[in-house]
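Engineer: Full structure from sequences and hints, please.
Number of protein chains: 2
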Amino acid sequence: MSEKIKRIQNILKKHNVDGWIVFCHHSYDIHLKYLLEKWFASSTFILIHKEGKPIVITSQMEAMMVDNETFEVKKYKKSEELVKLMEDEMMAVPKGSKIALNFVEESFKHLNFDIISAGTFKALTNLNKEIQYIPAKDIIFEIRANKTKKEIENHKIAARLAEELMEEIIEPIIKPGMTEKELAALVEFECNKRGGVAFEAIVASGANAAIPHHKASEKKIENNQVLLIDYGVSYNLSQSDITHTYWIGKNPSEEVLRAYEAVDQAKEAAYSKIKAGVLGEEVEIAVRKKFEEYGYDPEIYYLHSTGHALGIETHDIGYGIYRGTPTRPSKPLLENSIITVEPGLYFESKFGVRLEDDCIVTKEGSIRLSNTPKEIVCL
Amino acid sequence: MSEKIKRIQNILKKHNVDGWIVFCHHSYDIHLKYLLEKWFASSTFILIHKEGKPIVITSQMEAMMVDNETFEVKKYKKSEELVKLMEDEMMAVPKGSKIALNFVEESFKHLNFDIISAGTFKALTNLNKEIQYIPAKDIIFEIRANKTKKEIENHKIAARLAEELMEEIIEPIIKPGMTEKELAALVEFECNKRGGVAFEAIVASGANAAIPHHKASEKKIENNQVLLIDYGVSYNLSQSDITHTYWIGKNPSEEVLRAYEAVDQAKEAAYSKIKAGVLGEEVEIAVRKKFEEYGYDPEIYYLHSTGHALGIETHDIGYGIYRGTPTRPSKPLLENSIITVEPGLYFESKFGVRLEDDCIVTKEGSIRLSNTPKEIVCL
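Residue numbers (my numbering), protein chains in the order written: chain A, 52 to 430; chain B, 52 to 430.
It is possible that part of the hints are untrue.
You can't tell identical chains apart in this list, so a pair holds if it fits in one copy or across any two.
To be verified - Derived DSSO-like pairs: lysine-lysine, alpha-carbon spacing no greater than 27 Å straight-line:
{"#": "1", "residue 1": "Lys-200", "residue 2": "Lys-301"}
{"#": "2", "residue 1": "Lys-104", "residue 2": "Lys-149"}
{"#": "3", "residue 1": "Lys-128", "residue 2": "Lys-160"}
{"#": "4", "residue 1": "Lys-160", "residue 2": "Lys-135"}
{"#": "5", "residue 1": "Lys-207", "residue 2": "Lys-129"}
{"#": "6", "residue 1": "Lys-104", "residue 2": "Lys-401"}
{"#": "7", "residue 1": "Lys-65", "residue 2": "Lys-425"}
{"#": "8", "residue 1": "Lys-149", "residue 2": "Lys-340"}
{"#": "9", "residue 1": "Lys-57", "residue 2": "Lys-125"}
{"#": "10", "residue 1": "Lys-271", "residue 2": "Lys-244"}
{"#": "11", "residue 1": "Lys-65", "residue 2": "Lys-135"}
{"#": "12", "residue 1": "Lys-401", "residue 2": "Lys-180"}
{"#": "13", "residue 1": "Lys-244", "residue 2": "Lys-270"}
{"#": "14", "residue 1": "Lys-401", "residue 2": "Lys-201"}
{"#": "15", "residue 1": "Lys-160", "residue 2": "Lys-173"}
{"#": "16", "residue 1": "Lys-244", "residue 2": "Lys-226"}
{"#": "17", "residue 1": "Lys-128", "residue 2": "Lys-324"}
{"#": "18", "residue 1": "Lys-207", "residue 2": "Lys-84"}
{"#": "19", "residue 1": "Lys-200", "residue 2": "Lys-146"}
{"#": "20", "residue 1": "Lys-301", "residue 2": "Lys-382"}
{"#": "21", "residue 1": "Lys-129", "residue 2": "Lys-382"}
{"#": "22", "residue 1": "Lys-160", "residue 2": "Lys-200"}
{"#": "23", "residue 1": "Lys-129", "residue 2": "Lys-188"}
{"#": "24", "residue 1": "Lys-200", "residue 2": "Lys-271"}
{"#": "25", "residue 1": "Lys-244", "residue 2": "Lys-89"}
{"#": "26", "residue 1": "Lys-128", "residue 2": "Lys-382"}
Treat the hints as calculated values from the structure; they're not laboratory data. Bear in mind the structure is a predicted one, so any value in this text is a computation, not a measurement.
Structural biologist: As structure tokens, then:
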């Protein structure tokens, strides 16, 4: 039995839950990839009982991709057979058992845990009405928010690979005249070679850098403009998420230099506060205060929060750095979580600067996994 | 108002529906990308009334990416504001209106339409209980199954670009010693440069080619083995999906030559039947019969169906080529739909051959958008 499954079964027992079901079609539930370590296109059902070998039901076309030392694999040809096989597994669950499913009751608040679709939820739970279905939220949180040693090692590698490819391959080839899209394709190619693309790379040149989630376009990279690249490597499922802001040309303008300095100092202000147990909000306030000191009103120029949990998803389960609200209060940062630190300033129709690094939250503070330069690099 | 929106509003009127809501978070609903032509990471709500400018509610961080000539854009900073803005829109819908939502009642059968998650469905529909919520299935079907002229043009280009990149760039650089993963990264890079990657490329060498959905691995490409590449370009949202099977080396073995010929002839058998109005099943049976003629029992060596609809998703809405079952009967192929034709033979632990092309289904038969070679290419 794999260590991952053992850990999950221990968490199930700790939470007094008898099993966890992941069912998905078209790969929309990341936990399928987390458990099977690849995507499956066929409808696939996974049931992890608190003890024993977990069950995987998938199509005959993909069944041979499941590790059958870890899972008991059952395969179907047609979808009727899938439903029958699922029913058999569900009916074998003792009456009254508590089975976790990736759903929430009525809510917009817990979107990260609200995965299974409405019609499938009904059809699945009706296969055995004598089971007590509970939201998997607490179990998923415990599995994903605190990273294992192995996962932390993978995050270190994912961040290092991302830094290396940028310095060694991408920076030397950036030239005015390339389109944002060409450069994004190159960045993703290099990420892919090193494990995988964590998310669609953002390449934003000039005024496009004022749009935090700009999609790489046909716009050409031009001299005397900023160039923002937000990208990440996925290594053994663990992601990095890093943003550089460059200057194309020789002499960055005063306003860009000043904004870069402010963002770098805001990042340092964040790091001076980050520590397990500290409220994310305290870190967020420090960043906003730093922007104010530089004369940039964060309500106008800072369009997002300072950081999010990072893991098998770019916006992972865990606690990030943001201002609390009554319905989403700020929480103390978790030991051994991975978070991003990514302050930015956005000047509409002009330019933007964002610097994003990843770190491990520790008892003492943090361990930085990447280090964007303190001074703007001219290319 | 864009042509796309006008077309959707006409479909709404035809179906006697007052509006269509797409709500999603973390980009899981493809219709968000279809409507806004990019992915949004923030929770985003789209309401298309049967008349007038559609509404988009998204975060201030992404609101500037919405085309505000086509959509009325409302932005939120915090999630409470999102819920309030959605509530305002929902409450403005007249009592008793019929609003389509991307859900199905209890079912495993219509997974393509069963998109909105269980908790969100409840929270969203509770914002205004005096609306009649209906599954958007028929509307989505009509929007997506029959392609517009523009979409057909995009599919032609997506297929041509995929063919060109394979012949001009990839085939010349394939060498024994490269890993499957390296080659997959190169293929995706070339797809990306031409528009986008339709799906994670399958690169399967030797015995891995016997696994239809194999994930590119660290295995090296070797001489005297087959090499299967399944890939596609996404061009203006329209996808291609093509599979080549090559021989690495000079003299393909007899068994590979024979399997290749059988697969090619099975493909021709499919094309001889494909025509708008013909049951997909008739085509499927012709393919299976051809395999039998060659002495390959399709129940053992043919692990999937012959073709699926292609569009903004790789497995798109529409009718493909498969054997009907009582719960999923075969349907007549639709005029102006795009489908794949992809017979294959899989010999466990030895090798596999799949040839996949795309075509337009027409009144007269089909128009082929790609043409994998009739004889195996040696590299």
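Engineer: Work down the list of hints and note, for each, if the structure agrees.
Structural biologist: Right, here's what the structure says about each hint:
With identical chains, the CA atoms of Lys-200 and Lys-301 are never at most 27 Å apart, being 43 Å at best within one copy and 48 Å at best between copies. Only within a single protomer do Lys-104 and Lys-149 lie at most 27 Å apart by alpha-carbon distance; the minimum there is 18 Å, versus 47 Å between protomers. Taking CA atoms no more than 27 Å apart as the test, Lys-128 paired with Lys-160 passes between copies only; the shortest distance there is 15 Å, against 38 Å inside one copy. In this assembly of identical chains, Lys-160 and Lys-135 lie within 27 Å of each other by CA distance solely across copies; the values are 13 Å between and 34 Å within a copy.
Taking the shortest alpha-carbon separations for Lys-207 and Lys-129, neither the intra-copy value of 43 Å nor the inter-copy value of 32 Å comes in at or below 27 Å. Taking the closest pair of Cα atoms, Lys-104 and Lys-401 never come within 27 Å of each other, the shortest separation being 57 Å inside a single copy and 29 Å across copies. In this assembly of identical chains, Lys-65 and Lys-425 lie within 27 Å of each other by CA distance neither inside one copy nor across copies; the values are 45 Å within and 59 Å between. Proximity of Lys-149 and Lys-340 under a CA criterion of 27 Å is satisfied in neither setting, with 47 Å inside one chain copy and 49 Å between copies.
Proximity of Lys-57 to Lys-125 under the C-alpha cut-off of 27 Å is restricted to the intra-copy arrangement: shortest distance 21 Å within a copy versus 47 Å between copies. Proximity of Lys-271 to Lys-244 under the C-alpha cut-off of 27 Å is found in both arrangements, the shortest distances being 25 Å within a copy and 14 Å between copies. In this homomeric assembly, Lys-65 and Lys-135 never come within 27 Å of each other (Cα to Cα): the closest approach is 31 Å inside a single copy and 38 Å across copies. For a Cα distance limit of 27 Å, the shortest separation of Lys-401 from Lys-180 qualifies neither inside one copy, at 59 Å, nor across copies, at 45 Å.
For the homomeric pair Lys-244 and Lys-270, the shortest alpha-carbon distances inside one copy (26 Å) and between copies (14 Å) are both at most 27 Å. Proximity of Lys-401 and Lys-201 under a CA criterion of 27 Å is satisfied in neither setting, with 43 Å inside one chain copy and 35 Å between copies. Proximity of Lys-160 and Lys-173 under a CA criterion of 27 Å is satisfied in both settings, with 21 Å inside one chain copy and 12 Å between copies. Taking identical chains as interchangeable, the C-alpha atoms of Lys-244 and Lys-226 lie at most 27 Å apart whether they share a chain (22 Å) or sit on different chains (16 Å).
In this assembly of identical chains, Lys-128 and Lys-324 lie within 27 Å of each other by CA distance solely across copies; the values are 24 Å between and 55 Å within a copy. Proximity of Lys-207 and Lys-84 under a CA criterion of 27 Å is satisfied intra-copy only: 20 Å inside one chain copy versus 33 Å between copies. In the homo-oligomer, the alpha carbons of Lys-200 and Lys-146 never lie at most 27 Å apart, since the shortest distance is 37 Å inside one protomer and 55 Å across protomers. For the identical chains of this complex, Lys-301 and Lys-382 are neighbours neither inside a copy (43 Å) nor across copies (63 Å), given an alpha-carbon limit of 27 Å.
Within a single copy, Lys-129 and Lys-382 get their C-alpha atoms only as close as 46 Å, which misses the 27 Å cut-off; across copies the closest is 16 Å, which meets it. For the homomeric pair Lys-160 and Lys-200, neither the shortest alpha-carbon distance inside one copy (30 Å) nor that between copies (41 Å) is at most 27 Å. Taking the closest pair of Cα atoms, Lys-129 and Lys-188 come within 27 Å of each other only across two copies (22 Å); inside a single copy the shortest separation is 31 Å, beyond that limit. Taking identical chains as interchangeable, the C-alpha atoms of Lys-200 and Lys-271 are never at most 27 Å apart, the minima being 43 Å within one chain and 30 Å between chains.
Both within a single protomer and between protomers do Lys-244 and Lys-89 lie at most 27 Å apart by alpha-carbon distance, with minima of 17 Å and 25 Å respectively. For a Cα distance limit of 27 Å, the shortest separation of Lys-128 from Lys-382 across copies, 19 Å, qualifies, whereas the shortest one inside one copy, 47 Å, does not.
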